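Peer 1: So you can see what is in the structure, the chains are spelled out below.
There are 2 protein chains.
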Amino acid sequence: MSKKGQSRENKRAASDSLARTKLLEIVERIYTQFENETVPSVSLPSRTKANIEYCDRSDVWVYGDRESERSAKTVKGAFQLLKTTYATDFIINEHLTQNRGSTLRELYYISEGWDAAKFKEQAESDRLIEDLELLTTLQREFFHMRPEEDGATMFGPIELTEQTKRGERNIHCQKDVGEGGYQIPFNVENIEFKKHDASMIMAVETGGMYARLIENGFDEAYNAILVHLKGQPARSTRRIIKRMNEELDIPVAVFTDGDPWSYRIFASVAYGAIKSAHLSEYMATPKAKFLGVQPSDIVEYELSTDKLTEQDISALRSELSDPRFESEYWKEQIELQLKIGKKAEQQAFAGKGLDFVTETYLPNRLNETGMA
Amino acid sequence: MSKKGQSRENKRAASDSLARTKLLEIVERIYTQFENETVPSVSLPSRTKANIEYCDRSDVWVYGDRESERSAKTVKGAFQLLKTTYATDFIINEHLTQNRGSTLRELYYISEGWDAAKFKEQAESDRLIEDLELLTTLQREFFHMRPEEDGATMFGPIELTEQTKRGERNIHCQKDVGEGGYQIPFNVENIEFKKHDASMIMAVETGGMYARLIENGFDEAYNAILVHLKGQPARSTRRIIKRMNEELDIPVAVFTDGDPWSYRIFASVAYGAIKSAHLSEYMATPKAKFLGVQPSDIVEYELSTDKLTEQDISALRSELSDPRFESEYWKEQIELQLKIGKKAEQQAFAGKGLDFVTETYLPNRLNETGMA
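For the protein sequence lines, the chains are A and B, in the order given.
Note that my numbering numbers the first sequence so that position 161 is 161, with each residue one more than the last.
Note that my numbering numbers the second sequence so that position 144 is 144, with each residue one more than the last.
Hints in this document: simulated from the structure, not taken from any laboratory.
A couple of the hints might just be wrong.
Which copy is meant is left open, because identical chains are indistinguishable; a pair holds if it fits in one copy or across any two.
[Claimed, not checked] With a Cα cut of at most 27 Å, we get these calculated DSSO-like pairs of lysine-lysine: (1) K165 with K175; (2) K342 with K195; (3) K307 with K118; (4) K307 with K76; (5) K289 with K352; (6) K76 with K339; (7) K120 with K339; (8) K175 with K195; (9) K165 with K352; (10) K120 with K342; (11) K339 with K165.
Quick caveat, the model's predicted, so the values are computed rather than measured.
Turn these sequences into a full structure, and let the hints guide you.
Peer 2: Next comes the structure, spelled out in structure tokens:
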């Protein structure tokens, strides 16, 4: 193994050892409580809208001080603690010690062998893994927990090294990949960025637009790393965007459809989500800019539209009271959209020709937002 | 450009030229009808269940002799012919001549500039592209039409060359890719297979099981090319499986969940689908073997199960009369499943340990089916 390979191997060992230490702390706490003849319990931040607050330091929304308790005072709480110790044992002895992993779905099935600690449904084991994230302040990737499906891709002027189970892979995300791009792995911490020649990261909602930007050579003309969000982006997608933004100082633009669900895609890239605010500091990119489609673009470019549905309207209304959209800009745009009653897709620009989006729309928007 | 690169470039030119010729034939036919003062019309196979028949030569289900007519005798038919000529013009002059492409969604928007030939909804433009496939006996990939989302991946001992818009890429699907694998492009005809060391192709329904097989080293132990189906597989996924099976003579196994929807996934890989029977010869792999999960496995391995829902039961009943499942084997399995009233997922094997699937279940099944 090369010196660098050795150093990456050490990095993995360090991350496994951190996870082991933090997980052992939880069970030690429970053990000590037993020894001291107190009823075992653990406390963790309560995951409610009321317990979300803005963190000035990191510019993202995080959990506040309110806590909820899992205590063996109740039968339900006792079972939760039992399951916590079984899951911790499994993660330490099967995953970390043997350098293996499983999906959240597999974990649910694995509990079959845990007698009284068997999960009743997957929602329960998923939630337990979130508890462990909160208790350890680590992410489930540290525990080698995989998501069920992954599959976002990126394409652009960046070279990276991925540490895989089969050894290191050096990959240039334009020169060493097919037209589909580089497949982002579930654990982005296994990636080390090498050289890059990028002036921006362009995160794109749909596969159609991602392919359009590649075909039109937008990545070359603007030195852009294109990232396919695939709708609501996976954790690995958000994490790699954040890492490139933070470590390489590359600005991020988010290009989505013009409807309330797409604004939430932008918000989840930029600010994180309420149900996983404990991950915001790790996955959110607060400096990301929204590049459209904006409601004002629907008017200005006379885009082909669809009518807002009832669901769209109530999603827009709820965004007006969402702290993540608390700005003059979003207030104006959302109110305009409610007034015109229309939404538009990013691919609607095709109505003006296949080059319109890369030759007119995006250059205008990059200018407006000061990105080019 | 290398000699081989030149030959691939020629291959693309030949495929574009074939598409151009076949598309021009359609509009020439209409033109001649006008000249001869007959009412223009085109005929194409009718796409109904009643018009599906088994083709002994290719071992797949194809359309029979029944035809339906698009004729300018009716206003609706006249509009259809008008749209056909506009779409043909667009494909020839924008796509083939300029070596560009668009998504089906973009095509719908593009028609905005076609006055009376504008599509009312995307279903209409999608159907027109299917008509063109039937009329030309080519696939929409020849017209450079892209799907909206793609994204299946493969991982295994095969080296290939992909002809991309940025030049040729040589990729070994174990050594040159990250843990996520090789991203299959939308047009698989741009791939040329080089060397391989594979004894089988294992097509896998879920991302969780695909990752499990990679982690457990199944690809190395069995010289297997793992293909992630991602549920109901995309055209490109089915096409690359068929090409590897046909051109390289590698046997194919399909490993899915044990429920009626998964049997349909297998059937679409092996026999194609009714609504696209004109593509069966191009995309179906009739020799593909079903490797499970079988209803009899649910009993034999005492797998963790869910109850069949009403929808599951009626899907199973409808499979009993589906020509693609007309065999003793499927009759027995489906009837057994209706009797036990249960279904199981492929990840349920995790309940017996992380290695059970690769050390016990799959080896047993490969033996039973004579594949290893």
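Peer 1: Please write out, lowest number first, the hints stated earlier that are contradicted by the structure.
Peer 2: 2, 6 and 11
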